[in-house]
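Q: Spelled out from the first residue to the last, the chains are:
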Amino acid sequence: MPGVTRLSVRNLRKSFGTHEVLKGISLDAQDGDVISLLGASGSGKSTFLRCINLLETPSDGEVWVDSEQIRMIHSKTGSKPASRRQVDHIRSELGMVFQGFNLWSHMTILQNVIEGPLHVLKRPKADCIADAEELLAKVGIADKRHAYPAHLSGGQQQRAAIARALAMKPKVMLFDEPTSALDPELVGEVLRVMRALAEEGMTMLVVTHEMSFARNVSNRVVFMREGVIDSSGSPDDMFGVGASPAFRQFIGHFGNQQ
Amino acid sequence: MALLELLGMGQKGWGAYLLLATVTTLAVTATALAIGAVLGTAIAAAKLSHSRSLRFVGHVYTTVFRGVPELLIIYLIYFGGSSGITAIGQWLGYDGFLGLPSFAAGALAVGIISGAYQAEVFRGAYHAIPRGEIEAALAIGMNRGLRFRRIIMPQVLRFAIPGLGNVWQLSLKDSALVSVTGLVELMRASQIASGSTRQYFLFYIVGGALYLVLTSLSDRVFNGAERRANRSMSGATIGRA
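Residue numbers (the working numbering), protein chains in the order written: chain A, 2 to 259; chain B, 62 to 302.
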């Protein structure tokens, strides 16, 4: 359903102590948008992503997922969600992929993938397994379904983690530097899976340092600097003549990387 | 031959008596470990809690029960508890001495001590769970109960097994102190047998050997459990980059 706003963030702020990391970020993602969040380390892009599903508690601002607002209580002593239950529900609608994979090490790959649908969504086990097998085939590790995470390469673990997130049939997928912990030769297999997802129309928010992904796969590039959005636009604009001086300097560090 | 007769199962033999006492020792220890598991879980949860006062309670518990001699705790529970019950009895009009059952009092005392050690084992095991795996559980929408049951508990147990093996051995030896309450467990049985036959060397050595049998058997059980729990981690050479 193009045109439907899947995710809307209004004036999000986050402080750690007296240090303000996010100084009012607003961002909308329509259905099928693939948005790359770029920025130097410390620019707040990961914190921003983690505020969306409340792994970090925003100090101020609004987060809407599919026109449902996460209710927050802001007081002098800090902020907290009004309802843990609502937070759990919203989280189940947002898929998250971490830099460090974070597969549950005591479960096999298949068990990792069915865990959420089976116990959080309480779907029938047979359905969960059928879906999981399909997803594992899609990300290319069907043969590893009975292996434990520790027995897989980093690239395979990350693909399993993507399958685990997809098994929840999320409305938006959040990627937090999904390839930054991988050996260079393993980056490609993960990016291929992400590209396929984008082509299927999945709504994605991707914190990344992969310029080729930002340029060739995403339809919007957002450049963050010192806790604010410095500039944003289509990849053609951002990587073309329309780039802000700061963004031009930032991508300059990546040389001719495509 | 006289020795064999003394240790045998026959009329003059102490074999059956010692075996029964060994089973009693095992039962006291197992009961204590179970009591300690419940207390230890609660105390570990208190020590990991956000609440300052709960953390304080947990801290006091582990400090006191690891810092005071076991024998003192046993005396306190058995004689202290008994005099408490006797006082209640008198208040209700019963004049005699009312003793706590020695098995229950002993298991409780050793269990309270075991709980203090188990709390530390569980707390360490909790900290060994990679933080990211708990975040992944949060991110997928698991509530507190699910996180505990599906992600935290299984991993705490896995990381706790070696430590629990240690606590089990400690409790097994602590159970010998329960002999002061008159419970005929392995220690008391060795004492009685050696005293009545004047074969001190023989019966204390046999008693010691039986303790060793118990500890080495339980060692094997815990090692097996550890191997089983770690099968998801074994041979992990291709990790992450």
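In case anyone wonders, no lab produced these hints; they're calculated from the structure.
Worth double-checking, as some hints may not be accurate.
Cβ pair distances, simulated, as ranges [unchecked claim]: (1) B:A95 with A:R196: 53 to 61 Å; (2) A:A148 with B:L133: 50 to 58 Å; (3) B:G141 with A:I74: 47 to 55 Å; (4) A:D144 with B:R292: 39 to 47 Å.
On a predicted model such as this, the values are computed, not experimentally measured, just so you know.
Here a beta-carbon is modelled for each residue, glycine too, at the ideal position from N, C-alpha and C.
Q: Now look at each hint and say whether the structure bears it out.
A: Each hint tested on the structure:
1. B:A95 with A:R196: 53 to 61 Å: holds, 54 Å
2. A:A148 with B:L133: 50 to 58 Å: For L133 of chain B against A148 of chain A, whose Cβ atoms are near 52 Å apart, the range 50 to 58 Å holds.
3. B:G141 with A:I74: 47 to 55 Å: holds, 48 Å
4. A:D144 with B:R292: 39 to 47 Å: Check failed, 19 Å falls outside 39 to 47 Å.
Going through the hint list in order, the structure does not satisfy hint 4, though it satisfies all others.
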